[in-house]
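J.: With the hints as extra help, turn the sequences into a complete structure.
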Amino acid sequence: MSTNQSRRDFFKTTATAGGGLVLGFSWFSSEAFQPQVVGTAAADAIDFNAYLAISPSGTVTIFSPNPEIGQGIKTAFPMIVAEELDADWEKVKVEQSPLDTKKFERQLTGGSGAIRHSWERLRKAGATARALLIEAAAQQWGVPASECNAQKGMVVHSSGKKIGYGDLAVAASKLPVPKEVKLKPNSSFSLIGSHVKGVDNKDILTGKNLFGIDYKRPGMLHAQVQRPPAFGLKLKSFDATEAKKMPGIVTVVSFGNKVAIVGNTNWEVMQARKAVKIEWEKEKDLESSADHDRLFKEMLNGTNVTVQRKDGDVEAAFKNAHKVIEAEYQCPFLPHSPMEPMNFFAHFKGDSIELAGPSQTPEAAQKQIAKMLNIPPEKVTLELTRMGGGFGRRLNTDYAVEAAELSSIIKAPVKVTWTREDDMTGGIYRPAVRYRFKASIDKAGNMTGFMLHGAGLNAGNSTRQDNFPAGAVDNLLIQSSDYKSPITTGPWRAPITNFLAYAEQAFLDEVAMAADKDPVQFRLELLDKAQKAPVGKITYEINRFREVIKLAAEKSGWGKKKKGVSQGFSVYFSHASYVAQVAEMTMVKGKPVLKKVYAAVDCGIVINESSAKNQIYGAIVDGIGHAMYGNLTFKDGAPQQDNFNKYRLIRYNEVPEIEAHFVNNGIDPTGLGEPALPPTGGALANAIFKTTGKRLYNQPFADQDGPLG
Amino acid sequence: MALFQLKINGKNYPVDVDANTPLLWVLRDHLDLVGTKYGCGMAMCGACTVHVNGDAVRSCVLPVSAVSAANITTIEGLSETGTHPVQEAWDEVDVPQCGYCQAGQIMTASALLSKNPNPSDKDIEGAMVGNICRCGTYHRIHDAVKLAATKMKK
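First to last, the sequence lines map onto chains A and B.
If you're matching positions, the first sequence starts at 1 in my numbering and goes up one per residue.
If you're matching positions, the second sequence starts at 1 in my numbering and goes up one per residue.
What the hints contain is simulated information worked out from the structure, not anything from laboratory work.
Hints may be right or wrong, so weigh each one.
[Said to hold, decoys possible] Covered stretches of chain B (in silico footprint by chain A; criterion: 3 or more residues with CB under 8 Å from a CB of chain A, positions within the stretch not fixed):
| no. | stretch |
| --- | --- |
| 1 | 18 to 24 |
| 2 | 38 to 46 |
| 3 | 88 to 100 |
| 4 | 137 to 151 |
[To be verified] Some chain A residues close to chain B (C-beta under 10 Å, calculated; not the full set):
| no. | residue |
| --- | --- |
| 5 | 204 |
| 6 | 207 |
| 7 | 214 |
| 8 | 216 |
| 9 | 217 |
| 10 | 265 |
| 11 | 338 |
| 12 | 339 |
| 13 | 388 |
| 14 | 474 |
| 15 | 643 |
| 16 | 661 |
Just so you know, even glycine gets a beta-carbon here, dropped at the ideal spot from N, CA and C.
T.: This is the structure we're talking about:
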């Protein structure tokens, strides 16, 4: 369809094609939100960058931009539309949009932000369509719209007559769009907040080709890439004479510091890969974990620091203190270990390239690939596949860029698949960090000073300077140091806070103990102080913080003696949500065993109760698993763990019972992909201390001498 | 290269591959049966679990030559319409997050239940401990195995 056709032409086209009601709405800004009826083709126009469509068969389709990684966005988005539309959920489906930077401004999975970003526009789109359908029915029946209502995909008149949305779709598409639509009060929600199963369940449970690693095209070759085995090495030379002669091998090429083995099947490529003789040479320092220990000490004792926040005078507070508490906490590098290893398909065609695969940030991949190949971004098309996990790893585009580069060299459609060893040793890790804390208390047990110095290896700012307890302490100093290591890092589920929360929450327990205060009471008192006499900028909502603390304490029976049970408390605000947790431990045959975790969560309105709970259970299991076992160490630049025989992930028999509770406050949704993870390590460490009397300062816990070794 | 006549999901598939090729890669790269997943290549994670003569095995370390006479079942053949009681239980309990490991989880659970219709919690643990779920859906996996056991009795 040419672009100069009028909107009326769109309607005609729609009617002719029997397309039904197609409502275009903008993803760009909720302020400018104004849905408009458009034809199917107009849904491709720039000014309507998303749409919901109701076909004459009654099927409701929403075109969704955000990549699905297991967070349940593909189910939650259409639920929101369907709620306001009063659609029959059985007839709602969502279609994954390919990458389109002209249409979508936030086509990514990260930062727990998709629902927050799209909540209002999805509701308005549903409510607008509902109003049009009711108006169409009223006109057909010759009754006022005010006598009509909608329920489960039908418009119902007060007389009892009914008509399905599918039968109204074409008529509704010809009506003018109302300027204002009324959204439902929260109390009328029936779908939102209910237990809805994942829309892709059937395909997942029958083994359909949903994932990038399953992607296939006719004539597609398979490739694996040998990257430098250690950070700091570069390619010197390689000899692929033998490998090229092996069955199923098409070619072996090098690019950058990599050697790619290309063939017909993965297994043949793996065999030939072993036959390629490669020499590497040193380019940068080859760091070992012992070097990192030294670097941390140098940073924490050095003067090369960036002050992130300063309130009052901590040095004076420490000098005048009744007691000063000091501690250091540290964590190792971690790989993300999504179950689906990195992979990407690329087909370079001279002046354009087609890509397909799992990406949390497809737009970044498109831009980088366009730049690398020196072609315009619109010549880079990218199909989004479902992701077999990501946990932040797929926010980095290296594996997509690499596939594109290889395809441009061999001039053939190719899928690069990483082995587990490639995935674990190929870089982009949660940075290793060490925190030094110092706090002072007065005679009454009030925290008068708080200092945090974060030192990281490629961590950037390893602090969150405005987060709690900032605002609740008169004298506060938050500073960071960072070292540029050849070991590559990137965001890992709840970046920085995935470990900072543990360190801070464990340290606050130490301070509470020194002040002879109950840990929950101690935190509540700090929040009271932040409310009554705030110090500097406060970025958290004190009431929401307080409510999750109280709810977790109430549900877990905090402070009430339970025979043989010790409890550890933790609470954290991350992204835009609040989560408090209580971990319960008992001694079993001389070893502390984690029995149960209670979680109190304020993520605002819960969209899908089923997937929200699944996210909480999963985040807590993730938090326990990595605090207990996760450890990636280095020797001469080479990661020492390369597969699940050496790198331990938490298993079925190692998870405690979990009980999740939501604060029901009707606040617009604030996200849940990450916020339940950060508090877990702290609750666990504080429970371990209560159970064993041993304070754990280093992760992973299971590797240490002592109670869990 | 050698010719094998594989019996998978009740159908015959002739494949001409190196005898050492693991069944996983024969399924995925030669037969387009991609429901069986690669996770580690060393039988540590269970994503590649299939049934060989009714037993749950890790196809990533199983040479194709070892299964040329066997009855192989993959997730695609567990039921014709996706209505095996274990698949139904997995859906009802809404187990998946990313979903990548779930085919392997289901194949392990269904093999357990076919041999042991009344598994104790310890039996379930013994079977499921070999399958990693990085999203941490273990609680729901437990609930789904229990529900599937109830369904299979009906």
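J.: Indicate, hint by hint, whether the structure satisfies it.
T.: Cross-check of the supplied hints:
For a cut-off of 8 Å, the count of residues in the stretch 18 to 24 of chain B with a CB near a CB of chain A stands at 3, and the three-residue condition holds. Counting residues of the stretch 38 to 46 of chain B whose C-beta sits closer than 8 Å to any C-beta of chain A gives 7, which meets the bar of three, so the coverage hint holds. Requiring three or more residues with a Cβ within less than 8 Å of a Cβ of chain A, the coverage given for the stretch 88 to 100 of chain B holds, as 9 such residues are present. Check result for the stretch 137 to 151 of chain B against chain A: holds, 6 residues qualifying (beta carbon to beta carbon below 8 Å, three or more required).
Hint status for residue 204(A) relative to chain B: holds, with the closest Cβ pair at about 4 Å, below 10 Å. Contact between residue 207(A) and chain B, as hinted, is supported at the beta carbon level, the nearest pair being about 2 Å apart and thus within 10 Å. Taken as an interface hint, residue 214(A) checks out: its beta carbon lies about 4 Å from the nearest beta carbon of chain B, inside 10 Å. Hint status for residue 216(A) relative to chain B: holds, with the closest Cβ pair at about 7 Å, below 10 Å.
For residue 217(A), the interface hint is violated, the least distance from its beta-carbon to any beta-carbon of chain B being 12 Å, above 10 Å. A distance limit of 10 Å between C-beta atoms decides the matter here; for residue 265(A) the minimum to chain B is near 4 Å, and the interface restraint holds. For residue 338(A), the interface hint holds, the least distance from its beta-carbon to any beta-carbon of chain B being 6 Å, beneath 10 Å. For residue 339(A), the interface hint holds, the least distance from its beta-carbon to any beta-carbon of chain B being 4 Å, beneath 10 Å.
Interface hint status for residue 388(A): upheld, as the beta-carbon distance to the closest one in chain B is roughly 3 Å, under 10 Å. Proximity of residue 474(A) to chain B is violated relative to the hint, the smallest CB-CB distance being about 40 Å (cut-off 10 Å). Annotation: interface hint on residue 643(A) holds; nearest CB of chain B at approximately 6 Å, less than 10 Å. Below 10 Å, beta-carbon pairs count as interface contacts, and residue 661(A) has none with chain B, the closest being about 15 Å; its hint is therefore violated.
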